[in-house]
Structures are given as structure tokens and as C-alpha cells.
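Asks: Chain by chain, the residues:
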Amino acid sequence: MYELMEKAEIFNVHKMVVSAPDIARSLKPGQFVIVMGDEYSERIPLTVSDWDADTGAITLYVLELGISTLELGRMNVGDSLYAVTGPLGIPSEIKHYGTVALGGGCYGIGGIYPIARACKQAGNTVISIIEARYSSMFYHEKELHAVSDQVLHATSDGSRGKRGKVEDVITEMLENGVKIDQAFFMGCTQMLERCSEATRPYAIPTKVALNSIMLDGTGMCGACRVSIGGETKFACVDGPEFDGHKVDWKELNQRKSAYAEQEAIVYQAYCQGSEVPKFGSA
Amino acid sequence: MEELVEKKDYAMEEMTINGKVVSFSPGETILEVARRSGIYIPTLCARADLASTGSCRLCIVKVEGVRGYVTSCTTPATPHMVVTTTSPEIETLRRGILELILSEHPSACLVCPIRETCEQFNAPSSKVGRVTGCNMCPNRNICELRQLVEYLGLKEIRYPFLYKDFPLERDDPFMDRDYNLCILCGRCIRICEENLGLSAISFIRRGHDTKVGTSFEELHVDGSCVFCMHCVDVCPTGALSVRGSKWYGYPDSETPTTCILCERGCELVIDTKWNKVMGAHPVRDMSIGKREYCVKGRCCLPALFNSADRLKYPAIRPDSGTIIHTEWDRAIEHVSDIVSHYDPREIAVLSSSHLTDESIYVLHEFARVYAESNIFYFKDAEIVFPSIEKSDDIFKDIKLLYVAEANSLTDETLGQFGSLEAIIIQDNYSSPMSSSPKVCAILPSTVFTEMNGTKTCADNRRKPVTKAAEPPGIAIPDWEITTRIGKALGSPDFRVKDFRTIQNHIQMHPWTIASVPMVQKDSLTYRGFSISELVPDFKVFVERRLEVKGEVHF
Numbered sequence: 446m447y448e449l450m451e452k453a454e455i456f457n458v459h460k461m462v463v464s465a466p467d468i469a470r471s472l473k474p475g476q477f478v479i480v481m482g483d484e485y486s487e488r489i490p491l492t493v494s495d496w497d498a499d500t501g502a503i504t505l506y507v508l509e510l511g512i513s514t515l516e517l518g519r520m521n522v523g524d525s526l527y528a529v530t531g532p533l534g535i536p537s538e539i540k541h542y543g544t545v546a547l548g549g550g551c552y553g554i555g556g557i558y559p560i561a562r563a564c565k566q567a568g569n570t571v572i573s574i575i576e577a578r579y580s581s582m583f584y585h586e587k588e589l590h591a592v593s594d595q596v597l598h599a600t601s602d603g604s605r606g607k608r609g610k611v612e613d614v615i616t617e618m619l620e621n622g623v624k625i626d627q628a629f630f631m632g633c634t635q636m637l638e639r640c641s642e643a644t645r646p647y648a649i650p651t652k653v654a655l656n657s658i659m660l661d662g663t664g665m666c667g668a669c670r671v672s673i674g675g676e677t678k679f680a681c682v683d684g685p686e687f688d689g690h691k692v693d694w695k696e697l698n699q700r701k702s703a704y705a706e707q708e709a710i711v712y713q714a715y716c717q718g719s720e721v722p723k724f725g726s727a
Numbered sequence: 006m007e008e009l010v011e012k013k014d015y016a017m018e019e020m021t022i023n024g025k026v027v028s029f030s031p032g033e034t035i036l037e038v039a040r041r042s043g044i045y046i047p048t049l050c051a052r053a054d055l056a057s058t059g060s061c062r063l064c065i066v067k068v069e070g071v072r073g074y075v076t077s078c079t080t081p082a083t084p085h086m087v088v089t090t091t092s093p094e095i096e097t098l099r100r101g102i103l104e105l106i107l108s109e110h111p112s113a114c115l116v117c118p119i120r121e122t123c124e125q126f127n128a129p130s131s132k133v134g135r136v137t138g139c140n141m142c143p144n145r146n147i148c149e150l151r152q153l154v155e156y157l158g159l160k161e162i163r164y165p166f167l168y169k170d171f172p173l174e175r176d177d178p179f180m181d182r183d184y185n186l187c188i189l190c191g192r193c194i195r196i197c198e199e200n201l202g203l204s205a206i207s208f209i210r211r212g213h214d215t216k217v218g219t220s221f222e223e224l225h226v227d228g229s230c231v232f233c234m235h236c237v238d239v240c241p242t243g244a245l246s247v248r249g250s251k252w253y254g255y256p257d258s259e260t261p262t263t264c265i266l267c268e269r270g271c272e273l274v275i276d277t278k279w280n281k282v283m284g285a286h287p288v289r290d291m292s293i294g295k296r297e298y299c300v301k302g303r304c305c306l307p308a309l310f311n312s313a314d315r316l317k318y319p320a321i322r323p324d325s326g327t328i329i330h331t332e333w334d335r336a337i338e339h340v341s342d343i344v345s346h347y348d349p350r351e352i353a354v355l356s357s358s359h360l361t362d363e364s365i366y367v368l369h370e371f372a373r374v375y376a377e378s379n380i381f382y383f384k385d386a387e388i389v390f391p392s393i394e395k396s397d398d399i400f401k402d403i404k405l406l407y408v409a410e411a412n413s414l415t416d417e418t419l420g421q422f423g424s425l426e427a428i429i430i431q432d433n434y435s436s437p438m439s440s441s442p443k444v445c446a447i448l449p450s451t452v453f454t455e456m457n458g459t460k461t462c463a464d465n466r467r468k469p470v471t472k473a474a475e476p477p478g479i480a481i482p483d484w485e486i487t488t489r490i491g492k493a494l495g496s497p498d499f500r501v502k503d504f505r506t507i508q509n510h511i512q513m514h515p516w517t518i519a520s521v522p523m524v525q526k527d528s529l530t531y532r533g534f535s536i537s538e539l540v541p542d543f544k545v546f547v548e549r550r551l552e553v554k555g556e557v558h559f
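Taken in sequence, the protein lines are chains A and B.
In this text, residue positions in the first sequence follow my numbering: the first is 446, and each later residue adds one.
In this text, residue positions in the second sequence follow my numbering: the first is 6, and each later residue adds one.
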């Protein structure tokens, strides 16, 4: 069950193609799954980047960011994940907007792909903007090109496309009078916040996929709660997509670092590749 | 003595650096003279405690009458030399050199305008495996590359970035290595060779593939590496990191203290964050001769002291019921009640060599007043009596044991106690012994990073132990527990205000501490517990060492 069919690493981002036929049949763009590497693993919410209902394969891009994802990264083709739950979350709202701009960084480069594909199918003009530190860190590009009218790059060192970040590309486009009817962003909180600020002056409807700390993914625990326009929402069942102009970013950043202490202490007693307790107590 | 006289014979010579006349003794390099005179010259590979190789080229200076520029770290000072360490031309050259170095080091963040906010909010990024920028780097707060970028005002790197794409090396215990960050300064190799005489690592491969590694690229644990982590201490980048100490960011405080895991008593700086021990390292500005760190003190302390097995709250067994947690006052009352039921001849104290001097002294006082000096230790699983008048003959009459090292008590040892009725445990960790029905109280005590005091070490010096972290739960120092019990029993000898009062007593009775057996440097235990059980990486280290070399030394 949930066998790993394909695996590759692109600078900390692990591409994992997992066999999950039931999930692949019912996935919609913007939804996510919760994965457990083994029976002691954390539950890790992951955006699904691609799926094939015929072969039953789902593609995940996993950013290595802690012990649970480190262990996912150490798995090999043929290994099985302990559990994959999904699809979870509300699918992206796909309709004919006109021109849609999608911004992705980090795991979001793979994450925006299904939304781009659906937007394209709905007859939109799709502009995909992806960012990375160096040109060699881009991935999933061929697929993204196939569903986008235009793919723009931003790199921190200027080695490809514009030097800077997604928001710099967006700002430049808007200043040059490009009309954007809807924007989707996926990536780290920093990037989401900056991109939302870039579209705010132009009042462009902006959806951001939030990645708050999540536990059960079904609205029971409330760990993933975020403040949207002063209202408490659960990223798992009310999201993960929210209006980027209404998110309380400060609170989100604080909540995301709530367990920094426990995370650091776990690594003190962690031993790579050997049988040790997975969790230390704080 | 001869050496001193010889040195004196040399007159101090004079030279000029940046228009300032400075004196030097023959043999000193320009860099050494400049540093001593308070003149800054940027370097990446040179260190005061290492022989210079001139590999980074950043320390170039202009010497009047010499064509081109010379590296100040390898050029000896000569009389009447006129040196200029900085000029627009030199700075331009240095920037060019730094740009070349950075073209092979993930450096986009170094010149990124939003770096500061990114690092502030993206702190958890340091948990990634592969570092591709500063916000992910465990070393970012003490990175010398970054300091240089700021010093030279580098705003742009003109060369395309080459990622070397070396695999991450994370299979060794205690150490994560990412040679994609390495700038090949060779400090790690030099410190291993010059100061430790080990040469566990060297430059391997050639040309663009050059990297630091072991012979045949075997794991460090299989080679001659002793995991002293001096290579990590001198690395100017984040290529090398101590695994347990890389995810917490920047410490809230750094506290110098003494490691008392063995008799050597090395000076150690404890990094504290969230009131917990997050790392331990030598004094940053270390000098030759102080390098004696072993893997136990350097790498094991965070995992050892933040262990989930630490005792947090006092527990007592009232009237043969089940063990319950309680507060200190009630626990002390309960314990003193039990002690008062027995005759001093029926009580024995098991002390621990891992305690601070104050705690040991108070335990001896307790034994003297309430247990007819029936006090013993475990040294390498052997029972040792500090007093020559005592031997295991006393065990047959013992009914109550007050132990500070519960895990050392084996069934075999307990078998020697013919009529044992009750055990009082005072320890750091819960042990299998805690579940024995004879245990009537479990008192949680602090480890040495959570208390103040002193420790007498093998060189007969009493060294300071300083509190760096908060204890788990409501644990208190061993000496405090013992004095509170002693006081509750009514003896005036235990009216101490703080650990300093006890130090005065120790000075008056120095033989008490002198009679205590010391912890051997090759010891694999801490207070009766196997360090391997508490620190998984240590287990890997010890097992591999035994397998490959048949022995473990520190």
C-alpha cells in the first residue's frame, strides 16, 4: 500500500510519486493529503502536485524541514508509506477569470501546477511565475510550460529571469500595465505575504495556500487555525486557500514557530538511520 | 629557561603598518604584528592558533618596495618594513577574491536585500538537510564569510554560481557535513593534524572535485576521528555542524562552566536557549593547550540533560501505598520521618563521583551525623569506601539505603544487604530501581549545568561549575536536598544558606573531597547510567569503535 514509485531530490525538495489509487481518483486542484512515513511519524500535510487516476499515482514535492520529512527523504523506491489520507481541504475555485497569475516558490513550484492546469482548461490565460535562489533549483518546469501561456522566472542571484522574487516580477508586470484578474500563490509564508502585498494596491483578488501547523486535517484539533479578516478559520477544512489580503501574517508566523524548542530537542537525541525513539519529551 | 633567555636576547625590531610604527619580535608574520597592534586584516584561512598556509588570499597587503601584493599571514615581518593593509585598490582586489570564493558557496542570500526579514521569520528553515542559503545555515550567526561580505561591502557577485552537488554526509554520529558550503580553507585539516596529531581528514580528489574527506571516504567513525569537533569550531562556514546543536538558532546566553563528566574537568561554554542546554563548545578564542575536549562533553550534554527520562517531581510512597508525586516540603518530611526510624548503624549512603564537591561534602556530613559514616561509591562497578575503617561487612546490618546513583545498584549488590527495608533515591533519571517496592522516596536532583558549585578535578584544582540552564520540573541541586533532609532531622550542621557556606566547610575539611574516587576519563557512564542508553549517537560511536578498534578512549 502507498508504495513509493519514483523518487528524486532537487535541493531539499524530494519528488515522491506514491501509489494511492483511491486518492488519485477523487483529487481536485488545490487539495492536499496527510502522509505518515511510518507508524511513529508525524502527520505531514502535503500539497498534491499531480495525479493520474488511471495509474493511481500521486506526485508530492516534499521540502525537507525537520525529522519527519528527513525520514521521508531517506525512503527509497519500493518502500511504502505507512499512511496517506486525502484528499483534504477545499479545492481551488476554478472558473473563467481572464488572466490568472500563479506564483510558486520552493515546494510551491510543483504545488501550483494542478491549479495552472485547471485554470488553463477553464479557458484562462495562465502566467506562471516561479522563484528560486539559483537557476539550477527549478523543477517541474516542462509540465508547467505545457499548461501555461507564459512562464516567468525569478532568481536571487539573477542567473535566470529577473533577479529577485516572485513579487518583484508581479510588481513589474503590474507597473507595466499587465492586467491580472486573479492571483494564486504557494510557497513559504514570507513569500505569500510579500506577494499579497504586491497585489494589494491593484486590488487583484489574491488566493494564498497557507501552510500552518496541522495535526488531523479534518477540523477537529484546531492546530491549523489562522485569522482571516479577524475571523478564526481552520486551514484544513476552511482552506488551505484564503484571501491573501486578509491574512494575519504576524500571527501565522508566530504560530508556525510554536514548537521550535521541541523540534530542536528532538534532533539532539536523533540518530540517523538507526532505531531510536522518534520523539523526545520537552 | 634557556629558551626564555634566548628570546630576551633578541631586541624588538620596528616596522610601520598604515603609518603607525609598531614593534615586533623576529619570526612574527605581518598578520600577527598587525593583530597585536590592533590593526584588522581580513582573513578566512588564517587563525592565531594554526600555521598559516595562505590559501584564501584575502589578507593581501602592500609592502613598500615589493612588487605586487603579499599575503600577510605567510610573510615574516622585517625591520623597517613599510606595510599598507588597506587602500581602494586592495579592497577591490579583496572583493574580487571574495567573489570568486563565493561563486562556489551558496551565497545568494549574502547579497539579498530581504535577507534580514527572511531570517527573522524563516528561522525553522535551518532544519533543512541541504543548505542553499543563509536562512537555512546553522552557522549563520557566527559566519566569517558573512562578516567579510559586510566588511568589504560586497553587493553583487558577478560570477555564475557553481553548486558542487556533493552528497550530504549525515551517517556519522554527532556530525552533519555538507561540503557544498566548504571553501577549502583547510582549517579543519590543519587543526586535526597540528593540534591533535590525528590527521583524520585531508584534501581528497583533485581540481574542481577537491573536497575535505577521510581516506577511502570511509565514515569518520571508522577512521581515526575522535569527534572532538575542533574542526567544527574552526570552520568559517556552515559546512560542518554538530547535529544536536544545529536547529535551535542563536543561543540566549553562553555560560562558561566546567564539564564534570570525568576527572579532567574541561572548561566548557554552554549554549542556552529556552532555558535548556542546547550546545556545548570550547571557549571560542581557544589557545593551544586547552584542546582536550572529548565527544562526551562536546556532543553528549544536550541529549543527556534534555532526556525524556529526567526526574522532574519528588515522589513518595506513603504507608506502603503506591508511589505518588508530591511537593518538596512533604517529600522532605516523609524522608526525614523514615530516616528517624532507623538507628545510624542501620543506614548507609551511596554517593556518586559525578556530583559537585558541595553535594559530595553534604552527603558525607549526612553520613557522619546520621549513618555512622557508612558511605560508599561505585568506581568501575566496584564498591569503594572512602574510609579505610569501613568495608562491605557493614552491609549486613543496613536497613535503609540513601542512594545518589540508583542505577549502579545491581541485584548482586543488593543481595549483600541482608535486611534492607527501604531505599531513598536521589537521582537525575528514572531507573529500573525506581519501581522496586522498597523505594520509599524518589528525589529529583539537577545536573551540573543546572546548578552552581565547584568540582575538584584530577589536577587537584577546584574548578567552578556555573548554572546555565533551568532544571526540569522542580528538581533542586543534590546538596540542597541533603541539607533539607538533614535540617528536618534537627542537626545544626545543616543550617547552610547557600553553596558558598558549604565551600567554607570544604576548605576546613579538605580530606573529605580528597577521599572520593574520581571518574576515569574513559568512563562510559554518567551517574550509574550508561551514556549510550541516553544518547543514541554515543551508542553508535562506542559500538563502532569497539567493532573496528576493539577499544574506546577519550
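Just so you know, these hints were derived from the structure itself, not from any lab.
The structure displayed is predicted, hence computed values, not measured ones.
Cβ atoms here follow ideal geometry from the backbone N, Cα and C, with glycine treated the same way.
Hints are not guaranteed to be accurate.
Using C-beta positions, here's what the derived DEER-type ranges look like [unchecked claim]: (1) A:Ala591 to B:Ala313: 28 to 38 angstroms; (2) B:Ser108 to A:Glu451: 25 to 35 angstroms; (3) B:Arg163 to A:Glu642: 28 to 38 angstroms.
Derived lysine to aspartate or glutamate pairs resembling EDC-like cross-links, with alpha carbons at most 16 angstroms apart [what the hints assert, rightly or not]: (4) A:Lys565 to A:Glu538; (5) B:Lys404 to B:Glu475; (6) A:Lys607 to B:Glu161; (7) A:Lys695 to A:Glu706; (8) B:Lys169 to A:Glu516; (9) B:Lys401 to B:Glu426; (10) A:Lys460 to A:Glu516; (11) A:Lys565 to A:Asp594; (12) B:Lys278 to A:Glu708; (13) B:Lys384 to B:Asp397; (14) B:Lys472 to B:Glu259; (15) B:Lys278 to A:Asp594.
Asks: Find the hints from earlier in the document that the structure breaks and name them by number, from lowest to highest.
Replies: 1, 5, 7, 8 and 15
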